[in-house]
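Q: Sequence:
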Amino acid sequence: MSESPEDLLLQYRGQVVPQSFNAGFIALSYVVSLIGAACTLELLNRRTSYKGIFNHFLLLGSAVSMGGIAIWCMHFIGNRAIDLGNGEPGLQIAYSSSFTALSFFVPIVVLLAAFIAVGTNNTVSWWRVTIGGVLAGAAICGMHYVGNNSIENYVCIYSPVNVVGAAIIAVAASIVSLALFFVFRASWTNAWWKRAACAVVLAGAVSGMHWCAATGTKYQLVRLSTSSNELSRNTTVIVVICLSILACCIMAGVAIYTARVMRRYAHKAQQVILAAAVFDKDGRILVNPDGLLPSEKITDSFIEKNASDTFGIAHPLFHWMFRASRNWTNISPLVSGMASHLSQLPRASRERDSVGAIKMIDEQGDMISDYDLVLKELFCVAAVGLAEKTKETLATVGKLWDDILPTGGGTTRPDRGLHSAGQGSMSDSDLAEKGLQRRKHEFGRGSLMFLVRRVQNERDLARLEAAGYRFAELRQVSGIISSSMQIKCWDFESRLQRMAENADEESNLEPGVHLGFYGIRARVGSYGFDILVRKGARNLLPSVQLPIARFEPWHLEFLQQLDGMSASNLWRRLDALRRLSTRETVFTTLLYDALESLREWVDESIFDEAVLSSKVVTLPTRSDRGDQQATSMIALCMVIPIHVQVASDKCELLPLNFFKVRQVVGTDGPPQLAFAQMLHRDFAPIAKSVSAEKRAVMAEERKRSSFRDSPLPSRLRRLGRHHHTSQAVDGDGNPIPTTVGRPSSINNSNDTGSTLKLWPGRRNSDNRSADSSIDAPPMYASEGPAKSAFGGIMVSEEIRVEIHDAEGMPSHPTVLAGASRAPPIAAPTRRQGVEPSGVTPPNRVALARAGVNNGRGAPIELSTLAAAGDSVHTGAQGLVSNVEAERSDAPTFVDELFAVCIDGR
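For the sequence shown, full-length UniProt numbering assigns the number 1 to the initial residue and increments by one for each residue that follows.
There may be inaccurate statements among the hints.
In silico DSS-like links for lysine-lysine, alpha-carbon gap of 30 Å or less [stated by the list, open to error]: (1) Lys650 - Lys399; (2) Lys399 - Lys488; (3) Lys399 - Lys51; (4) Lys391 - Lys51; (5) Lys615 - Lys650; (6) Lys389 - Lys51; (7) Lys359 - Lys688; (8) Lys359 - Lys305; (9) Lys194 - Lys399; (10) Lys305 - Lys51; (11) Lys194 - Lys535; (12) Lys399 - Lys218; (13) Lys281 - Lys359; (14) Lys281 - Lys488; (15) Lys389 - Lys281; (16) Lys615 - Lys389; (17) Lys535 - Lys688; (18) Lys615 - Lys488; (19) Lys218 - Lys51; (20) Lys281 - Lys688; (21) Lys399 - Lys535; (22) Lys488 - Lys305; (23) Lys650 - Lys688; (24) Lys359 - Lys399; (25) Lys391 - Lys688; (26) Lys359 - Lys488; (27) Lys389 - Lys359; (28) Lys305 - Lys391; (29) Lys650 - Lys281.
Beta-carbon label-pair distances, calculated as ranges [stated by the list, open to error]: (30) Asp366 - Asp282: 50 to 58 Å; (31) Glu510 - Arg583: 21 to 29 Å; (32) Val644 - Ser187: 21 to 29 Å; (33) Ile256 - Ser187: 45 to 53 Å; (34) Tyr257 - Glu505: 33 to 41 Å; (35) Asn149 - Val254: 57 to 65 Å.
Keep in mind the hints are simulated off the structure, nothing from the lab.
For every residue, glycine included, the Cβ atom is placed at its ideal position computed from N, Cα and C.
Generate the whole structure from the sequences, applying the supplied hints.
A: Listed below in structure tokens is the structure:
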């Protein structure tokens with residue numbers, strides 16, 4: 001039978017009330033503290049910088065989680081475990097509301113200072129960790145005694161030994177926990193179980209301090225508690241429960257989000273992906289808090305047109321992407337039109353909001369027309385997505401790396417891109433019937449490409465960290481990236497190092513004279529050739545620089561004597577000549593030494609068979625270099641037999657057509673201008689047509705709205721509504737097709753020309769502006785003729801008129817090499833010259849600059865169509881004038897040395 005309040009007050013007033021502990025509440029208090037500590041470490045793990053709203057939210061959230069849940073909630077749940085006076089209700093602890101609220105905010109403020117002191121650096125700063133641990137211990141102790149000060153009906157009597165012991169426990173355990181956590185975080189080995197272990201230690205600091213202090217605390221009764229105090233205790237428990245549930249929800253949300261990210265990256269491993277490889281000046285790479293690279297999907301899979309149409313670095317589409325990533329300035333104005341065009345294309349039903357989910361196979365099972373054009377648009381839109389993720393503009397998002405990494409497993413999976421509605425997946429025989437191929441040993445695998453750049457200043461570095469990213473050492477995260485993206489590459493870390501080395505600019509030869517090795521080998525099972533290049537600088541041939549500035553005429557005469565000699569014979573000849581006392585002795589010695597140094601680059605089994613070419617070729621000069629001196633090269637040339645395995649630590653084989661592309665990127669001149677023109681020719685009509693369609697739709701809606709509000713009879717309204725159509729037109733008023741693919745037709749399912757096309761579709765082989773014909777596979781079979789509503793075809797050809805002074809006009813026709821080729825169309829022959837009498841015929845138009853003496857040079861003339869006579873015929877032909885149709889192939893030293901190799905066989 002419980003005693004009356006008056007008896008209890010008389011018995012214990014001014015006395016120390018006996019106490020006992022409830023084991024259930026003790027266990028519950030530790031669980032609550034563990035929840036708060038785990039939530040705190042999870043939020044701290046995702047904090048990447050002092051700046052940024054998201055990082056400020058994480059800092060505040062971690063302080064509230066630790067101070068409000070791990071410490072404050074644990075304290076009051078722990079005090080519920082204290083039973084005073086054999087559990088008499090009137091003798092239980094009652095709290096002051098004001099001091100209770102104050103005790104909630106005290107640890108939060110102190111922990112804010114502690115977590116700011118700890119910092120967000122990837123390297124562990126022990127003095128920071130020590131200061132943070134001391135402040136965290138002070139927050140634990142401070143909250144405990146402020147919380148005890150809120151007790152209204154008792155005076156607490158503390159044991160000094162317990163107070164000191166509790167403080168030591170709190171500080172020491174906090175330092176140990178934070179040190180372990182940040183060591184694991186800095187080394188990227190902070191798995192969930194390691195963070196859980198740190199949380200156990202941190203929760204032990206809170207609970208250990210509390211119970212060490214509680215066992216040395218005596219409670220001297222001042223007055224009895226009332227029923228309102230009991231309600232206050234229950235309210236405190238309710239608040240504790242709510243905060244604990246909130247912490248559990250936060251941790252569950254983080255876990256679910258992380259799992260979804262990992263599943264998304266695993267799914268991306270089966271697709272064609274574009275990732276951002278951003279490096280800082282120390283060679284560290286940009287990753288998110290989970291150690292993953294920012295990435296965007298380009299498309300679900302690459303559809304092969306034939307057995308040799310493998311998406312790799314030898315593919316023309318990759319060459320276009322490689323050049324496009326170095327021409328973002330020209331592409332930026334076209335991106336919005338690309339995105340609008342892609343949004344109008346059919347896509348998988350489950351991913352209608354994803355640009356990368358566009359169906360590449362139409363309802364009839366055929367590859368969509370303009371497949372290559374759509375894939376180029378997807379690449380550009382993916383690059384825009386990466387720019388947004390990394391807080392950059394498209395112009396500074398980075399340059400495409402020169403390799404593609406295979407990703408994903410070899411398991412079979414359904415491909416929605418090959419489905420038609422209600423038809424299920426297509427078999428291999430069905431694809432073969434449509435002229436499509438899939439490699440069975442690589443079905444389901446993906447491709448990974450990288451946009452590489454380097455952060456140039458500290459401000460950009462801080463901005464990326466404020467956006468939620470971290471910079472990590474390659475050795476720490478290469479395994480995480482490789483496993484999460486399922487990269488099938490054993491030397492992935494070394495490839496990342498190569499990216500970091502070439503992030504600023506590609507390696508270039510120093511101006512002057514070089515002796516190089518030009519070795520090509522035919523590909524087995526495919527078209528084209530491979531060429532031997534340097535490892536780590538795949539845009540350069542193996543070469544050695546000669547210590548001379550330029551070739552003198554007598555140098556060239558001397559080299560003519562050595563032309564066609566094999567390396568072994570050349571070695572003996574030079575060794576004999578350098579012993580003679582002649583003018584060529586010094587030059588002979590230089591050649592001999594260069595030949596000996598070049599031998600170290602290339603495998604001896606093939607080096608001795610190479611033949612010296614006396615032809616001097618000029619290498620391209622980068623536009624970002626101000627070197628006025630030319631870079632010249634003579635080379636040992638060789639066609640390497642296909643059965644010879646090239647074993648060299650310094651060299652590797654690269655597709656010849658890609659090597660040629662690398663020679664024209666980054667250089668000023670016709671190739672760069674031609675590529676910019678090709679971009680606008682291919683994509684500007686699409687952007688204009690999309691804008692025209694939008695305007696037409698808006699005009700249609702306005703017309704319908706005004707027509708609906710007008711007092712016309714309903715019959716006339718239906719007539720106007722029935723016959724109204726809209727069509728996008730170009731600048732000349734001609735209709736422009738905007739539909740890519742063949743929509744299904746109920747009336748005529750066999751009609752393959754339902755898409756309106758007013759010009760022939762450009763194939764891969766037509767727009768390879770830098771691909772040499774020496775390395776090109778046969779063209780794909782062209783599609784059937786597209787139907788036209790106008791009974792004819794429309795052709796377009798860009799013509800550039802160059803006007804020169806007569807004094808500076810070359811005697812031979814000027815060839816605009818490197819410009820992109822117009823489609824094969826009827827083209828009149830244009831001739832340059834005047835009649836022997838010097839009178840310009842009436843059917844020609846002469847173009848000459850004012851003030852130029854026309855007698856000293858021939859003017860530029862345009863013949864009329866009638867005057868062309870028989871020169872008008874179908875098909876592409878060479879145009880011999882300063883007015884030239886643009887050509888796609890820009891002759892480089894690669895072509896010149898290739899001709900030497902082939903002619904020497």
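Q: Against each hint, give a clear statement of whether it holds in the structure.
A: Here's how the hints hold up against the structure:
1. Proximity of lysine 650 to lysine 399 is assessed by CA-CA distance (about 24 Å); at most 30 Å being required, the pair is judged to hold.
2. Distance check on the hinted pair: lysine 399 and lysine 488 sit about 23 Å apart at the alpha-carbon level, within 30 Å; holds.
3. Among the hinted pairs, lysine 399 with lysine 51 is consistent with the structure: their alpha-carbon atoms are about 28 Å apart, no more than 30 Å.
4. At roughly 14 Å between alpha-carbon atoms, lysine 391 and lysine 51 fall within 30 Å of each other, so this suggested pair holds.
5. Straight-line distance between C-alpha atoms of lysine 615 and lysine 650 comes to about 25 Å, which keeps the hinted pair within the 30 Å bound.
6. Restraint check for lysine 389 and lysine 51: the C-alpha separation of about 17 Å stays at or below 30 Å, so the hint holds.
7. Pair hint lysine 359 plus lysine 688 holds up; C-alpha atoms about 23 Å apart against a cutoff of 30 Å.
8. A C-alpha spacing of about 16 Å is found between lysine 359 and lysine 305, which places the hinted pair at or below 30 Å, so the restraint holds.
9. Simply put, lysine 194 and lysine 399 have alpha-carbon atoms about 38 Å apart, too far for the 30 Å limit, and the pair is violated.
10. With a C-alpha separation of about 50 Å, the suggested pair lysine 305 and lysine 51 falls outside the 30 Å cut-off, and the hint is violated.
11. For the hint linking lysine 194 to lysine 535, the alpha-carbon distance of about 40 Å lies beyond 30 Å, and the restraint is violated.
12. Of the pairs offered as hints, the one joining lysine 399 and lysine 218 is violated, with about 71 Å between alpha carbons and a cut-off of 30 Å exceeded.
13. Proximity of lysine 281 to lysine 359 is assessed by CA-CA distance (about 41 Å); at most 30 Å being required, the pair is judged violated.
14. A hinted pair counts as satisfied when its Cα atoms are at most 30 Å apart, and lysine 281 with lysine 488 qualifies at roughly 28 Å.
15. Between lysine 389 and lysine 281 the alpha-carbon distance is near 21 Å, which keeps this suggested pair within the 30 Å criterion.
16. Between the alpha carbons of lysine 615 and lysine 389 the distance comes to roughly 50 Å, so the proposed pair goes past 30 Å and is violated.
17. With a C-alpha separation of about 44 Å, the suggested pairing of lysine 535 with lysine 688 is violated against the 30 Å cut-off.
18. A threshold of 30 Å between alpha carbons decides the hint, and for lysine 615 with lysine 488 the separation of about 42 Å lies outside it, so the pair is violated.
19. With a C-alpha separation of about 46 Å, the suggested pairing of lysine 218 with lysine 51 is violated against the 30 Å cut-off.
20. With a C-alpha separation of about 42 Å, the suggested pair lysine 281 and lysine 688 falls outside the 30 Å cut-off, and the hint is violated.
21. The hinted pair formed by lysine 399 and lysine 535 meets the criterion: a straight-line CA distance of about 19 Å does not exceed 30 Å.
22. Of the pairs offered as hints, the one joining lysine 488 and lysine 305 holds, with about 24 Å between alpha carbons and a cut-off of 30 Å not exceeded.
23. For the given pair, lysine 650 sits about 49 Å from lysine 688 by alpha-carbon distance, which is inconsistent with the 30 Å threshold.
24. For a cut-off of 30 Å, the pair hint linking lysine 359 to lysine 399 stands: about 27 Å separates their Cα positions.
25. Taking the CA atoms of lysine 391 and lysine 688, the gap is near 28 Å; set against the 30 Å cutoff, the hint holds.
26. Between lysine 359 and lysine 488, the direct Cα distance comes to roughly 27 Å. Compliance with the 30 Å bound is thereby established for this hinted pair.
27. As the CA atoms of lysine 389 and lysine 359 are separated by approximately 25 Å, the hinted pair is consistent with the 30 Å bound.
28. A hinted pair counts as satisfied when its Cα atoms are at most 30 Å apart, and lysine 305 with lysine 391 does not qualify at roughly 37 Å.
29. Annotation: proposed proximity of lysine 650 to lysine 281 holds, straight-line Cα distance about 26 Å (limit 30 Å).
30. The hint said 50 to 58 Å for the Cβ distance between aspartate 366 and aspartate 282, and at roughly 51 Å that hint holds.
31. Judged by the Cβ atoms, the range 21 to 29 Å given for glutamate 510 and arginine 583 holds: they are separated by roughly 26 Å.
32. A beta carbon spacing of about 45 Å between valine 644 and serine 187 contradicts the range 21 to 29 Å that was offered as a hint.
33. Checked against the hint of 45 to 53 Å, the C-beta distance between isoleucine 256 and serine 187 comes to roughly 26 Å, which is inconsistent with it.
34. Separation of tyrosine 257 from glutamate 505 is about 38 Å and conforms to the stated range, judged on CB atoms against 33 to 41 Å.
35. For the pair asparagine 149 and valine 254, the beta carbons lie near 35 Å from each other, so the given range of 57 to 65 Å is not met.
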